[in-house]
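Note that the numbering used here gives residue 1069 to position 164 of the sequence shown, counting from 1, and the numbers run on in steps of one.
Hints were generated in silico from the structure; no laboratory data involved.
All C-beta atoms in this analysis are idealised placements derived from N, C-alpha and C, irrespective of residue type, glycine included.
Take the hints with a grain of salt, since some may be wrong.
What the hints assert, rightly or not - Pairwise CB distance ranges, derived in the manner of DEER restraints:
(1) T1036 with A1163: 25 to 33 Å
(2) S1175 with G1332: 20 to 28 Å
(3) A1257 with Q1387: 21 to 29 Å
Stated by the list, open to error - As a list, the in silico SDA-like pairs of lysine to any residue whose alpha-carbon atoms are at most 25 Å apart:
(4) K1273 with Y1243
(5) K1273 with G1332
(6) K996 with V1108
(7) K1242 with A1317
(8) K1242 with S1158
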Amino acid sequence: MKKIFFILAIAFSILSFSCNKDLNQVPISQGTTLTFYQSPSDFIQGVNAIYSDLRGYPDRLLNLSEIRSDNIYGVSDLGVRDWDPINSFQKAITGNTYIEEAWSTDFNGIFRANEVIEQIKKNGTTINSTTLATRLDAESHFLRAFFYFDLVRYFGKVPIIDHTVLASEANTIKRSPVADVYKLIIADLQLALANLPTSYTGVDVGRATKYAAEGLLAQVYMARSGPTYGVEGPGLGLSEWNLALPLLQDIISSGSFALNPNFANIFSYSNQSPTSTGNKEAVFDVMYVTGASGTSSIYGATYPWDLAPNMYFKSINDSKSNGSLEAIPVSNDLLSKYAANDVRKAFTIHTAPYNNAGSTETRPFFQKYLDFTKIPSTSRFDWGINFIAIRYTDIVLMKAECVLNGAPGSQATDVDAVVNQIRTRAGIGAVPLVNVTLAQLFDERRREFADEGNRWFDLQRSGNLVTTMNNWIAVDDLTRKQMNQVVAGYIVYPVPQSQLDAAPGLYTQNTGY
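Please work from the sequences and hints to get the whole structure.
Put into C-alpha cells, the structure is as follows:
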C-alpha cells in the first residue's frame, strides 16, 4: 500500500483538495466532485487521499501527548519553541502551531472521508463491485472515526461535520457535546468492523481491517470510561470496560497477531508491513516510504526526528542537521522507572554523552524509532519507517486494564500472565508479579509505550492525571521552575485562535484558556 498511500493520495489531494487547512474551507468543489468519481480507481484514490492525512498523526501524538506528559521535561536552548508552552502548561497557546495543525489536519481528513462516503452513495454503482464499494465505504467511516477520536481527546467538544459542507454552512456549525461526537465515532466504527476484511494482500496491506476497527473502538470505550475531571474532555465517567473487553478478546483470539519475542524487532525496518509476513505487532500502522519517485520529504515520515536534538546528528557527521541543539530531554522521573537491565530503556532512550559544538551533552532523548543506520539520504524529514498506531502489546494490556476494572469474562491470573510475559521480554521478569494492580499496570504501560504518545491519554483515563503531573512538576521542575501547575482544564487544549477568528462568536473557548 505504500505507493498507493503516498503517491496516488498526494496526487489526488493536490488535484481535488488543494491546501485546505481551516474548518470553514470546502474540501472539494462541486464541479470537481461530479467529474472525478467515474471509475473504481477514482474511488480508491479518494480513499487513499483520506489515508494521506494520517501522515502527521505520529507527530501530533509526540508533540501533544508525549511532550505534554511527565515523560518529557522540555527545555529549549534557542528561546521559546512551539513545544515549550505545551510542556510547561502555558495558558496563552491558542495560536500554537501544533494545536492549529491538529485541528486543521484532522478536519481535512474528515472532509475527505465525508466526500467519499457521499460519492459512494451517489455513484457507487460505477465501482462495479459491491464488495469493493462496501470496503471503501467502511474504510472511510473508520478513518472519519479515527480523526474524530483524535479531536475529542485533544479538544473535547468539536463541530460534528458528517456531510460535505460549503463555507457558509461551516460557519454556522457549533461545537457539539463530547457525548454526541462519541455517538458518531461509535456508529462509524461499528459500521467499519462489520464490513472491513480481516486482512489484505499485495499493495492493499496496511489498510484498515476489522481488527483495527475493533482496537480503536475498544480505545473509545475505555476513554469514555475515564473520569470527566469536571470538564468536557474525553472521559465521560462511564463504565464501559465490559464493552471494550470482547473487542480486544476477538483480536487476541484471531491468531493474526502476536507479541514479538524481541522488543527491538517491533520497530525494525526489516519487520514492518508490507513484507512477506508483516509485523505481527501492528494491528494498524501509518505507512511511509522514503524518497518516493526520486523525491523526498513528501511521502516519508518526520516523526523519528521530532524528539531528537539536531546536534546529536551533527556529532555523528550527518550533514542534514543544520542548527543548534534542540533539547527535548526525557524526564528524570521516567528514567527512574526502568530497572538497569530493562532492555526497553536502552532501546528507547539515548543516554550516552555526545559532543554539542565542543561541549559534552548528557541530557537523554528518545530514539525508539531512530535507526541510525537508516538516516534518510536527502532530508531529515523523509524517514521510511512505519508508525504503529495500534500495537498488539497495547491490545493485551488494554484487556488487562478492563479486567482490573471489573469487566467480566476473565480473571486476575490472566492479567498477571500477560504482564509477566511482557516483563520477561523486557528482561525484568525473573521474579513474577502476583496480583497486579492498576497502578502497576500503568507503570508497565509507561515503560513499554514511552516515545509512542500513549502516556498523556493513559493519565487521563487513570483518573490521576492532575495529581500525578503536579507531583512530578514539584520534583523535576524544582530548580528551573518553568512549569505551571496543572489544572483540570488543561486536560484538553484550547480551540485554535484561527477558528475563533474565522467565525467570531461561533465557538466558546475551553475553560482555562
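Going down the list of hints, with the structure as the test:
1. At roughly 28 Å, the beta carbons of T1036 and A1163 sit within the given window of 25 to 33 Å.
2. Between S1175 and G1332 the beta carbons are some 22 Å apart, a value that agrees with the proposed interval 20 to 28 Å.
3. The beta-carbon spacing between A1257 and Q1387, approximately 26 Å, falls within the hinted interval of 21 to 29 Å.
4. For the proposed pair K1273 and Y1243, the alpha carbon gap of about 15 Å is at most 25 Å, so the pair holds.
5. As the CA atoms of K1273 and G1332 are separated by approximately 17 Å, the hinted pair is consistent with the 25 Å bound.
6. In summary, the hint linking K996 to V1108 is not supported, as the alpha carbons are separated by about 46 Å, beyond the 25 Å threshold.
7. Between K1242 and A1317, the direct Cα distance comes to roughly 24 Å. Compliance with the 25 Å bound is thereby established for this hinted pair.
8. Using a Cα cut-off of 25 Å, the hinted pair K1242 and S1158 is violated, with the two alpha carbons roughly 32 Å apart.
The earlier numbered hints that this structure contradicts are 6, 8.
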